Amino acid sequence: MIEVRDLWKQYRRPHIKITSLKEAAVAFVRGQTGYTEFWALEDVSFTVNAGEAVGVIGPNGSGKSTLFAIIARVLEPTKGEVNVQGKVCPLLELGTGFHPELSGRDNVYLNASLLGLSHEETRQRYHSIVEFAELPEVMDAPVKTYSSGMVVRLGFAVAVHMDPEVLLIDEVLSVGDEYFQHKSFARLKQFKDQGKTVFVVSHDLFAVERLCERSLWVQNGKLIMDGATAQVIQAYREAVAKQEQSVGA
Amino acid sequence: MKELRELWRFREVLFNLVRRNLKVRYKNSVLGFFWSLLNPLMQIGVWWLVFKVILENEQKDYTAQLITGFLPWLFFSQCVLDGTACVVQEMALVKKAYFPRAVLPLSALVSNLVHLCLAFVVMLGLFTIWRVDFNVHYWLVIPSTVLVATFAYGISAMVAAWSVFYADVKFIVGNLLGLWFFLTPVLYPLFLVLNKQEVAPGAWLKSLISGLLPYIKAVYLLDPVTVGILGYRSGLLIGGGNPIVVTPDALVKPGMPPEAIRMAEAQAPILQAHLRADYPLSPYIIGAALIALATAVIGHLIFRRMARVFPERG
Chain A
-3 MIEVRDLWKQ
7 YRRPHIKITS
17 LKEAAVAFVR
27 GQTGYTEFWA
37 LEDVSFTVNA
47 GEAVGVIGPN
57 GSGKSTLFAI
67 IARVLEPTKG
77 EVNVQGKVCP
87 LLELGTGFHP
97 ELSGRDNVYL
107 NASLLGLSHE
117 ETRQRYHSIV
127 EFAELPEVMD
137 APVKTYSSGM
147 VVRLGFAVAV
157 HMDPEVLLID
167 EVLSVGDEYF
177 QHKSFARLKQ
187 FKDQGKTVFV
197 VSHDLFAVER
207 LCERSLWVQN
217 GKLIMDGATA
227 QVIQAYREAV
237 AKQEQSVGA
Chain B
14 MKELRELWRF
24 REVLFNLVRR
34 NLKVRYKNSV
44 LGFFWSLLNP
54 LMQIGVWWLV
64 FKVILENEQK
74 DYTAQLITGF
84 LPWLFFSQCV
94 LDGTACVVQE
104 MALVKKAYFP
114 RAVLPLSALV
124 SNLVHLCLAF
134 VVMLGLFTIW
144 RVDFNVHYWL
154 VIPSTVLVAT
164 FAYGISAMVA
174 AWSVFYADVK
184 FIVGNLLGLW
194 FFLTPVLYPL
204 FLVLNKQEVA
214 PGAWLKSLIS
224 GLLPYIKAVY
234 LLDPVTVGIL
244 GYRSGLLIGG
254 GNPIVVTPDA
264 LVKPGMPPEA
274 IRMAEAQAPI
284 LQAHLRADYP
294 LSPYIIGAAL
304 IALATAVIGH
314 LIFRRMARVF
324 PERG
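Going down the list, the protein sequences come from chains A and B.
Per our numbering: the first sequence = residues -3 to 245.
Per our numbering: the second sequence = residues 14 to 327.
If you are wondering where the hints come from, they were derived from the structure by calculation, not from laboratory data.
As the structure is a prediction and not an experimental result, all values here were calculated from the model.
Mixed in with the good hints there might be a few duds.
Said to hold, decoys possible - Derived contacts from chain A toward chain B, CB cut-off under 7 Å, selection only:
| no. | residue |
| --- | --- |
| 1 | S16 |
| 2 | V44 |
| 3 | N45 |
| 4 | G47 |
| 5 | R69 |
| 6 | P96 |
| 7 | E97 |
| 8 | Y105 |
Said to hold, decoys possible - Derived pair list, reagent style DSS-like, types lysine-lysine, alpha-carbon separation capped at 25 Å:
| no. | chain 1 | residue 1 | chain 2 | residue 2 |
| --- | --- | --- | --- | --- |
| 9 | B | K73 | A | K75 |
| 10 | B | K108 | A | K140 |
| 11 | A | K185 | A | K83 |
| 12 | B | K108 | A | K83 |
By construction, the Cβ of each residue, glycine as well, lies at the ideal position given by its N, Cα and C atoms.
Looking at chain B on its own, in the form it has when it is part of the complex (with noise of 0.2 Å):
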């Protein structure tokens, strides 16, 4: 109580933090403020082109999905790697004047918000002009965020303090960040995953892993940010409904002789159906929330208990 006292007290700081953090950003660049939009629609372009275009995919709105993916990952990505650096870069500030230091991890947290903003208005631009569907479910897009802001902060808060003491912690992070982008649905659908009865390659991994494969669905589903983009996809393209949705092209391989490619036509609402029964989607969003809540309190704890050090060890 006293600690959120204090924030308050102190918000004029995160205010100007952000304004700052925002402004110097893209200060020296000829575009300004459009390289914080221009660069993920430019990731987005390659990947329209690599599995749209040369790979062929099929998939019903997949520059769509590609966004919807995207945005929510994006943020998080992008908090956390901001959270590495928000202390170490403020030290000289540190060692001299009190202020809340949880200040810093939040405005990071903060600024990537706008960032957020920013760029869901671009999305809606584009969204206008492919005349993708608009309606009331948007408004799952907020608690979606919420959620992955709320994961985001006990991460950065984390890696925050932990820059700190260790110079490596950025890296090891940004390679973290890397791996962890693929386990989530941004550039799949996430049926396929659900899907895998078994783990093709080399015998030993194989018979490591199958028995575990549906405790590794499950916390593949548990994700806050994986839930996070799911709550983007449900809300902005499938108007609120339930995203584990399986497309008969994805089920369909090139050379498949017409009577096999009606009979997995066929086959894609019923595997649907039984993917939804498998994974009845509240269970995962209430851990999920849970998850991130949980983080988000020890994050903030550790923060809390290695910043009253950070002027002696920085």
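If we strip away everything but chain A, and leave its shape as in the complex, we get (with noise of 0.2 Å):
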């Protein structure tokens, strides 16, 4: 179950960027310290019930991110309260955490334990998750040698042989072809039959309408629309084809 109530928060844009101490000083010198504050999420709250799968769809820019990595508890939220029931995992995109020079083998092991598996619980999965992935033959070589659709179906079957409670999917649900698309769908539907969590952020409308009931519209940090899937993409495209109208207009 995720609950968040009251959900704010602040982001601080320096007026120019900053990256070493020169620039630092120059910019002290000259009293361009300034920095812009402003809201990536203004007073968001709802709650995913358990067994359920949400979308959250909205523009670039929108605070779905945001969103993501404070219920990933990658980001504190400047106010409010986020409140995450049973194991997490999210899907790191891309097999994020990969190193290019260890083995497949290696990289299972370790990104499964920064997920918070054990090595003994990696090892007693560590076949399935091969499997998923239909990697066999080169668990052994450098990731460096992979497609990056084979790093994309490693990174993904590790993630689903979590036992997560709740799943976090930010933006990789197009992953690999044609086949390991409808694999990955279905194994995201089983989570969900088996009352599980799921918590979609995606550009890609096809995909949460396949996967969610429920979908949050999410827009300049403010939460526009709370709804069944169908109704929420609906309005959304909507609002979208009013923008292209009158910028085109």
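Can you join these two chains into the complex? Each is in its own frame, and there are hints to help.
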């Protein structure tokens, strides 16, 4: 279960990008130490129950990814509360945390431990992970020799073997070829049927439509709409169409 | 307390990161893992050539002195250097997944501890060949390593956090380490520093520093890295004795008349006794331990405070 209550998140955007001490000193001398504060999320509240699959849609910069990062405990909320019950597992995009020099096997163990699995638990699942990714013959080769599709498959396979109670997915639904997409979709459906929570952040409206019965539309940091996926997507599409017209005119 | 429990829960991450660091570091080189041992050995070989062969240093067991000083120094400097990269390198991960961030500087520390152990084994091998005495006082190496490691963790956590915000931290750290190296008694015997009565060149520098000289020496001796090196030398080379050793050879200048040489040789034990009385070691050891501990705590707190905004600023 994910419970988000009155969530606010503020970012500070410095007026100029400072990456070195020299720049910092120059900025200090010129008095350019200011920054703009802006709210990436404003007063967002919702609850996702166990066994529910919920999608979050919205344009770029709407606050979707910030919301995702707060639920994954990567960022801290400025105000408000986030309660997540059960083991959370973020699905890392494109095998984040994979090291190119290491073999597929070592990367599976490293990635699994980052997601909270012990060595022993990983060992038990190792076979099943390799099986799911369909990469048994290359597991001892360094990951830098893999195609991007292979990396994604392996990353996905590790994540779905974590036994999470809450699975967080950020823009990774459209990975792999047609065949692997079907397979991963089936797996996610299975999760939902087992009473687990699935939380998807995506631009891919079709994917959200297929997987989630409920959706949240987030724009400019505000929760615009919360309801059945079909209705939310329709409303979102209409808004986008309207925007296109006004730009075109 | 909660933090420690959290770290324990993610101990597998630490273990896997260390394994990865060790595997990756020498993956692409033909000699593989042995580079980690060959590098310091070659460095020591160069110094041996310069100081022993070319400059004709007469100090007893000079090469053994070099190695026992260089091991703890190498451990310390490598920890700090790896510290500057440990978070920056893993930014993609930090932005996506939650885990206690302290795992990153800790993995740099533990990886280097493993390297230190390997280097230590090689050193024992060399000692066997040279027949340097083995004795029970070797245990002194353990508290000395703990001292240096505590200090190294604090500094490496600090620079790890700062490196996320300023890209030039790693260059500054690299240069400062180069300077720091000469402020530890790796290449020269300690008593030469403690025995300094005045600073030779430049009138203004002389008048500026000479009054401060006792304080400078005290700070010099309070450096946890220096104390760690002294611990290594005391345990490994002089059977746990006081590491302030004045060798008569070092007092003898080339071209001295035989009379003067005899006098210098007679003077050495007196000087040694004086230095030991002037610099009783235990307060310095306690002081260095406190400094190391304080650095570790402060470094960790800085790291923890800044870690909350890593994903936003990286």
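Do the hints match the structure? See the list:
1. Given the 7 Å rule on beta carbons, the hint for S16/A holds: about 5 Å separates it from the nearest Cβ of chain B.
2. Annotation: interface hint on V44/A violated; nearest CB of chain B at approximately 18 Å, more than 7 Å.
3. With a cut of 7 Å, the hint placing N45/A at the interface with chain B is violated, because the nearest CB-to-CB distance is about 22 Å.
4. Given the 7 Å rule on beta carbons, the hint for G47/A is violated: about 24 Å separates it from the nearest Cβ of chain B.
5. The beta carbon of R69/A is positioned within 7 Å of a beta carbon in chain B (closest approach about 4 Å), and the interface hint is therefore held.
6. Interface restraint check: P96/A against chain B, minimum CB-CB distance 9 Å, threshold 7 Å, status violated.
7. Against a cut-off of 7 Å between C-beta atoms, the interface hint on E97/A holds, since the closest Cβ of chain B lies about 5 Å away.
8. Of the supplied interface hints, the one on Y105/A holds, with its beta-carbon coming within about 6 Å of a beta-carbon of chain B, less than 7 Å.
9. Note on K73/B and K75/A: the hinted pairing is violated, with a Cα-Cα distance of about 66 Å set against a maximum of 25 Å.
10. Our distance criterion of 25 Å between C-alpha atoms is met by K108/B and K140/A, whose separation comes to about 22 Å.
11. Of the supplied pair hints, the one linking K185/A and K83/A holds, its CA atoms being roughly 18 Å apart against a limit of 25 Å.
12. A threshold of 25 Å between alpha carbons decides the hint, and for K108/B with K83/A the separation of about 19 Å falls inside it, so the pair holds.
Hint compliance for this structure: hints 2, 3, 4, 6 and 9 are not met, and every other hint is.
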